[in-house]
Structure formats: C-alpha cells, structure tokens
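Hey, can you work out the whole structure from these sequences and the hints?
Given next are the chains, with one letter for each unit.
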Amino acid sequence: MIIKLGLSALLISSTLFATSDMSKWIRPNEVPQPKDNKLTKDRIELGKLLYFDKRLSASDKISCATCHAPKRGWTDLVPVSKAVGAGRGPRNSPTVLNTAYLRRLFWDGRAKSLEQQALGPIEADVEMNMPLEVLIPKLQKIQGYVKLFNKAYPNEGGINNKTLAKAIASFERTVLSTTAPFDKYAMGDTKAISKKAAKGYKVFIGKAHCADCHDKFNFTDGSFHNIGLKDGDLQGKDLGRYNLKRRAAWYGVFKTPTLRDVTKSGPYFHDGSVKTLTEAATICASGGRYKNGVKNKSTYIEDRHLTQTEISQIVAFMKTLTGPDMKLKIPTKFPQ
Amino acid sequence: MKKIVTTLLVAGALSVTLSAKNWVVNQKGKTFIPSKLTVHVGDTITFDNSDPFAHNAYTDDEANEFDVGMQPTGKETHMKIKSKESFNVECAIHPNMLLEVTVE
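Which chain is which? The protein sequence lines are A and B, in order. Reading the first sequence from the start, the letters are residues 1 to 336 in my numbering. Reading the second sequence from the start, the letters are residues 1 to 104 in my numbering.
Hints listed in this document are in silico derivations from the structure and should not be mistaken for laboratory results. A virtual CB, placed ideally from N, CA and C, is assigned to each residue, including glycine. A portion of the hints provided could be inaccurate.
[Unchecked claim] Partial chain A-side listing against chain B, Cβ under 10 angstroms, derived:
(1) K112
(2) G222
(3) S223
(4) T299
[To be verified] Anything over 12 angstroms on all C-beta distances counts as not near chain A; from chain B, calculated:
(5) P34
(6) T46
(7) D48
(8) Y58
(9) A63
(10) T102
Following this line, the structure appears as structure tokens:
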C-alpha cells in the first residue's frame, strides 16, 4: 500500500517545480515500511483504535494519545508528561509526526523501529504502566479486537506482543505532516512565505548552521547532540544516549527533533525547559545555554553571533514549517 | 640459481596474495562513500572526513569492535579488520550513516 501524500498531489497538480538546491526539502513520495509489516487499511485502522484506547493502560485512563495528542502537535504541550498515578516522566513527550522516517526512536534513540518503540510507553511505569503479560490476556478477552487482529494479521498468532506492536506502528506510520507554506516556497512559489521568513531561511541554512542538524524534508537528520542545556557534567542527571552504552560520544546527547509543525509542539528540548522558539533558537545558535565547561558539548553548537533581527527571522522561517492538521477521524467507540 | 629465482618468485606471489590492503572510506554529506566494502582479515580501513562537521565511526560487532572517537573535518582515522565476521559501521552522531563491510 502506497500512502499518497498531500505534497505529491501538489507536485502533480501544480506547475511549480523545486529548484535543485531546494529539492532536499521535498518529501519522498513513499513512506518507509518494513517488509514484515506493510501498511494495509485493516492494520492502520486497528492501530488507530489501539492508539486511542485507554484500556491499554493500568488505570484505564491513559492512552498513547494522552501524551501524543493529535490536537496538541502529537505531544501533550507540557514540559514532562503525567504518568499513571501522580508521577511524571523524566522527558518531554516527543511528537509522533513523521516518525515513519526516523531510524532511531525516543529521545535517546533506543528503538530502531516504530515496532520496537510502540510497546515501550505501554510498559513504562512512568507512562502507561501496563505489563504486557497483563495487557495481552486483557485484549484477548475482547472479542472485537480478536476479530480485528485476525483480519489484519492472519496467521500471526492472533493478539500477541508482535502483532500489538505492528498494529500501533502501522497507525503511527500514517501520522504525517501536511503541506506547509515553506513546501510551496520550496516548489517555487516565492510569495508563499513572508520576506522576513525568506531571510530567516537564508540565515537558517547559512550563518546559523541550523541545517547542519535540522536537515532535509523532515528538518532533522536524526543525529544526536549534547546542546549544553546543563552545566558541567551530568552526575545524577539525564545522561541521554549514554544510558544505552557508555560510549564517550553519547554522553548527555539527545536526538535532533523535527521542526515540522514545530509551532504546535512546545515546550521544547528533551526536558521541555524552553517555552518559545525564540529562546530555543537563541540557545542553539549562541553555543548552548551553558557556554563553557559542559562535558561532551556538541562541536555543532557554537556561538554564531546572530543579531536579534536574525533570530526573529529564523523564528519567522520556522513558523512556515507548520501546515494544517492532517485529516483524522478520532475513534469514539472501541471494540467490545 | 634457478632454484633461488623460483623461490623468490613464489615468495613474491605469496606476499602479494597475503599483503594487507588499505581501503579509504570518505564521510561526506553525512554518508559513507562507498557505502559497501568487501575486505579481508588484516586489511585496514581509513576513514576520511570531508564534511564541515565531526563524525564518529564505530561498530558494536564484537569480533571487529572499534570506535574511532570524535573525528573533526580533515582528520584521518584507521581501523584494522581483525576477524572474518561481516559487520556494519555507523556514525555515533548520525545513525542514518551506514557502511556495510563484508569480510571474506
């Protein structure tokens, strides 16, 4: 199944064409899909039901959509998410938008596919807190789900960890950004964004070096960096990717987030410590929140000596990366 | 005399066969170039970095494990093929970069 993309439609229907230096911002025509979980309508619809079903949490009060809500930029708009019970998770809820294109999921990149990622938050005690050995039998007792799993994944053993992960991943793979003003600009419509935003684009790819990491159509190259949010070393703090393996380059690093629909998904950074795009751009382009003495601070994070005008131009540009919400019918009735 | 020449020729042929080769892989545009290599045990791979920013090639393959560390623009690093196990090399900063190494 090929997901037809809004931008592809624009390509066909429009007389506009991207110039060669703008072509890297154009979305690929197809969404990447693993061989053993190709997208089908049945899989996507099943995954959507599971994504919004609060029975997947221990409390029956939290679904995937609680922290990754479509109307909140596929995040939850708070610094760190509320968990089952009174607790809160340690990190900002990352957007689900365009995760189909990422080779590493989670802020620390610990999952290599959406299928690997899908079950993590369900089991995490600071999120949905639902052990799979409890959830799977619970779902197996819901006849409506039994039928839907058998239809979507025939001959794969019905409801089990793998088919549950595959179904949720299938839905997540369809959560895609729509055509934003910058996309039209990249296709040659010079009036699609303001002059201020166009200047911001030049600063973004030039003097500010933002595109060193926020690169290509998804405005992330999937890279990992310590951008100097904390001073000194991180004793007792979040070590990021270093928690996976004690590799020197991974000390305190987190994934470069997409900038697609970025106006919808604040607050920003892995700890949700920044409320505005102006502050986020200032931190990244001025050498980090802490300039000196940060262990393993990325060499990409330097003081680019931007003026306030240039910062505001970059922000104006980033706002042109937001498009309309994707069309989505949120389920209100769930299998019984 | 003939025996000595023959011995030298055989030795020379063997040394050509057994001599280790150096393969050069460039890191450019956040891509390993080439992205696939076929090598032998004893060969070395030299990593160049033509990008204007740092890379960090590594593999977690146990038999050939290496981590060149942070490699700024223009710096050259090397790794030696120790075992006949094929493996993948990634960049610790850019996981989208992938080099497939087949060891024969």
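Which of the stated hints cannot be reconciled with the structure, identified by number in ascending sequence?
8
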